[in-house]
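Student: Whenever a hint applies, use it, and build me the whole structure from the sequences.
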Amino acid sequence: MSDEQTETLKKLPLDSWHRGLGARMVLFAGYEMPVQYEGVMAEHLWTRENAGLFDVSHMGQVQLVGEGAAEALEAIVPGNISALGVGKIRYTLLLAQDGGILDDLMVTNTGRNLYLVVNGATKHDDIAYFKAQLPSGVTLDHAEDSALLALQGPKAAAALAKLEISPLQPDWPVPADLYFMEAGPFMWGDIPLGISRSGYTGEDGYEISVPAEHTEKLATALCALDEVKPIGLGARDSLRLEAGLPLYGHDMDTDILPVEANLNFALSKARREEANFAGAERVLAQYPSKADKKRVGLFVNGRQPIREGANVVDADGNIIGAVTSGGFSPTLQKPIAMAYVPMALAETGTEIIVEQRGKPIACTVADMPFVPHNYHRKPKL
Amino acid sequence: MSRYFTDEHEWVDVEGDTATVGITDYAQEQLGDIVFVETPEVGAELGQGDDAAVVESVKAASDVYAAVSGTVVEVNEALEDEPALVNSSAEEDGWFFRLTLSDTDELGDLMDEKAYKAFVADL
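Protein sequences appear in the order of chains B and Y.
To convert a position in the first sequence, counted from 1, into the working numbering, add 472.
To convert a position in the second sequence, counted from 1, into the working numbering, add 586.
Treat each hint with caution, since some may be false.
To be verified - Cβ pair distances, simulated, as ranges:
1) B/Q805 with Y/E627: 22 to 30 Å
2) Y/E601 with B/A787: 40 to 48 Å
3) Y/D637 with B/Y651: 50 to 58 Å
4) B/W644 with Y/A646: 43 to 51 Å
5) Y/V659 with B/G781: 28 to 36 Å
6) B/K831 with Y/E601: 53 to 61 Å
7) B/T692 with Y/E601: 50 to 58 Å
8) B/P841 with Y/D708: 40 to 48 Å
It is worth saying that the hints were derived from the structure and are not from the lab.
As the structure is a prediction and not an experimental result, all values here were calculated from the model.
Ideal placement from N, C-alpha and C gives every residue a C-beta, glycine not left out.
Tutor: Structure (structure tokens):
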């Protein structure tokens, strides 16, 4: 029996705040979480045009402290963690010994430690795996007393700038000066905040780690701004799908290797050359495009969405792949999906057939993201 | 005309031996923004409890069951271009299909409006 089943239902620090705003709560990753407030479509479109506040406190915030932490982590992730500069963030994958994907995560070099954000549904298994890998000089701290809020959308930076948030040191950058995938420590009055310019919507924005007891004050202050509304898990899912971002447990899992998941960018050049991360031999044997199957985007002909679990079939009806995420794109006003298809069918523009409830539905392999990313990237010199 | 309800949140208007079927306002509210409705084929013979239609919101697909058995005689073509009619007018313009009842006794299995309201109030 897994930890997930034996755990009792957990409440978010903002539980009563969500309910007070009329949220519909659903069970997710062992927590009761807000799936929507006014409606998925309206919340989604609001985030694409303004700024949305998401409570993602179910996610695991983990700190690795001590000499050799980066090297120890590199044994189980393919990212170049030891070369990560202070204040920089890297997206990477937690790999099993056979190279299968156990989770995806963000790693920040804070200068004092490595700060990791992992998925809520996998965090306890991840932590057990980390602990088994870490040398005696490296300690792991699961920051269960911290909440995590995401402020996402084209007006996120303007909104956050209205709160008087100062860098921990006067000569460090303010939140608006951070570029995409940069982070730093800040103070909001006497409340410490860890702010990252990152997210899961494809938009500009921030992820803000805040002590649990101060979460409500921060969420209330942000939602009092004209640019900001609270947004539920439903829109978080449709936003990330439009952004082409995979969801762990759906678009990848322990049976999927990184190249198959179309995550080659997470296999850094230096680490491919070292080839010393978990499952490296099996993972790199597929690099860059020698896998049998690949995660692709799909446009669906017609208006009917296709859903996770629908099969990709050939002309004779044989199952040759599977849809792993699917829904209706509020921005594009048509259905979109992610699916695993044989490598020979993975080219953009390839026409494929998905069978749903016994009915064939024509689809076309599409470039991802479906909706362009709007990140605040550092200008290239 | 009499209106009946099911515990699957469908409504059934009966006039003579013709029944018009849709989902209730409570159901559309629970589903959220509806983006597609798959209606049955005209001429389809549905048994009570059979899958009759599929209603798709941004997030999920939900089955609509045949509350009563019969032969489909008409479907609401307007839903093809404007599925959001189910949100704006679930219990009128957003109807799904009409069928000729094959067994009017089945109506005895359904709730009247008062019973349905009490059922929803308990959810």
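Student: Give a verdict on every hint.
Tutor: Tested hints:
no. : hint                           : verdict
1   : B/Q805 with Y/E627: 22 to 30 Å : holds (26 Å)
2   : Y/E601 with B/A787: 40 to 48 Å : holds (46 Å)
3   : Y/D637 with B/Y651: 50 to 58 Å : holds (51 Å)
4   : B/W644 with Y/A646: 43 to 51 Å : holds (45 Å)
5   : Y/V659 with B/G781: 28 to 36 Å : holds (33 Å)
6   : B/K831 with Y/E601: 53 to 61 Å : violated (32 Å)
7   : B/T692 with Y/E601: 50 to 58 Å : holds (53 Å)
8   : B/P841 with Y/D708: 40 to 48 Å : holds (44 Å)
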